[in-house]
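Engineer: Sequence:
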Amino acid sequence: MSSFERGAADQLGPIDQAWVRDRRSDGAFDRLAEVAVDVLRVPVALVSIASGYEQLCKGSSGLPEPLASQRLTPLAHSFCRLVVRDAAPLLIDDARHDMRAPGDLGTGDAEIAAYAGVPLRGTEGDVIGTLCAIDHRPRAWPTSAIKRLAALGRLAEEILRAQALALEAETANRRAREAQTARHRSETAAHQEAAREAAAVEQLSRRLQRALVPARLDQRLSGRVAVTYQPGTRRLLLGGDFAHVRALEGGGIAFVLGDVCGHGPEAAALAVALRGAWLTLQHDEALTIEQIAQRLDELVRETGEEAIFVTALLACLLPDPRLVVLSAGHPAPLWIPESGDALILDLSPGLPLGLADQTRPWIKQEIELEGDGTLFAYTDGLVEGRARPGSSERWGEARLLQEIATLNAAERALGALGPRLTEAAIAANQNLLEDDVATLHLRSV
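By the working numbering, the letter at position 296 of the sequence shown is numbered 296, and the numbering carries on one by one without gaps.
FYI, nobody ran anything at the bench for these hints, they're computed from the structure.
Treat each hint with caution, since some may be false.
Each computed EDC-like pair below joins lysine to aspartate or glutamate, with the alpha-carbon atoms no more than 16 Å apart [unchecked claim]: (1) LYS147 / ASP284; (2) LYS364 / ASP346; (3) LYS147 / GLU290; (4) LYS364 / GLU423.
For each label pair, taking beta carbons as the anchor points, the in silico distance ranges come out as [to be verified]: (5) LEU217 / ASN408: 19 to 27 Å; (6) ALA416 / ARG137: 55 to 63 Å; (7) GLY125 / LEU217: 19 to 27 Å; (8) ARG394 / GLU111: 53 to 61 Å; (9) GLU124 / ALA68: 26 to 34 Å.
A virtual CB, placed ideally from N, CA and C, is assigned to each residue, including glycine.
Model the full assembly from the supplied sequences, consistent with the hints where possible.
Structural biologist: Written as structure tokens, this is what we have:
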């Protein structure tokens, strides 16, 4: 039985309580619902939570008015109640003849004839809601439908956990600052408390890092992908750099690398939402790379913050070798041949996500890569620091190429290059590299 069947939003942890009681819609979950509609070929999909006797839609696609605006329905008239109650997936092919749908359960304004739903768990494991797909006509749900819905549900949970971690980390940061500035305590006590708070922040930072870059890779990518993430020295790990990779049929690698402008829990939460949205959109094979960029752009715009924008690389590295790439204002990656000098690929970057307009559309490019080698992509924190201690000159792309030229084969190897270049940039900045750095190093075959 779930916490809500016990009548108990207040029995949840504080992070889940805050999320459950926030009645605003969430752009990340709207995008997730849109992908569910596309992938499952249904007219309606919802990300909803159950609170007491109510069901609140945190994200939706295809929901008719006035439900789309109200985002609130009685839980008693919802199939989601059954998913929450049983903490298990539910498939209903025809609600008119299904004994699990007594009376008018769920068959009112939403016109539900067929239903597929999976439970969503909060940060402490309680079922707090559902991700569901709805059809207005009866249909036989294939086995693949529940598998795809469950995969999307896991992404919804990942976004929720990341938002919770960002909030936790911001709280820990605030406490650390308060401990450092406390004047009414003894110096020793203040130092001890500051050390404890700093340790708490570091632990939360590591957890948040795992939400921003892939902690585990698909076995098919073993020996072909290396990811590094280095938090900015002055901002701990509340940054907005993010990365994700996905193995493709035929040996290709799809990847995204992005950088949310700004820092703090909002930037980190948006970064995780974009990372999850990108992976979700990968499940819809009909979407082009330009359409994926458009969906991510919409997600950034829905933050409502005019100053927020995101640079990003969306790409596929194919074993030919060939790179299919779209740049939304992001630094161009490097191609590093097995023998020879590294070179900066010639890209035509469009505007960052959140700032795009029809007069300057994104351009998908296909770049033939010469010979065997590796692709190295990075966020701008790697090149925007100082070139050397005390210098006003930036590290820049030229210094990046020079640094690679000095490295031997072992130092250029997959898994070694990203950390080596990051260490060099940190050393040039007297161990105070302010911005976050994320790198992706990929082998074509």
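Engineer: None of the hints should be skipped; say for each whether it holds.
Structural biologist: Verification of the hints:
| no. | hint | result |
| --- | --- | --- |
| 1 | LYS147 / ASP284 | holds, 14 Å |
| 2 | LYS364 / ASP346 | holds, 12 Å |
| 3 | LYS147 / GLU290 | violated, 26 Å |
| 4 | LYS364 / GLU423 | violated, 33 Å |
| 5 | LEU217 / ASN408: 19 to 27 Å | holds, 26 Å |
| 6 | ALA416 / ARG137: 55 to 63 Å | holds, 56 Å |
| 7 | GLY125 / LEU217: 19 to 27 Å | holds, 26 Å |
| 8 | ARG394 / GLU111: 53 to 61 Å | holds, 59 Å |
| 9 | GLU124 / ALA68: 26 to 34 Å | holds, 30 Å |
Hints 3, 4 from the list above are not met by this structure, while the remaining hints are.
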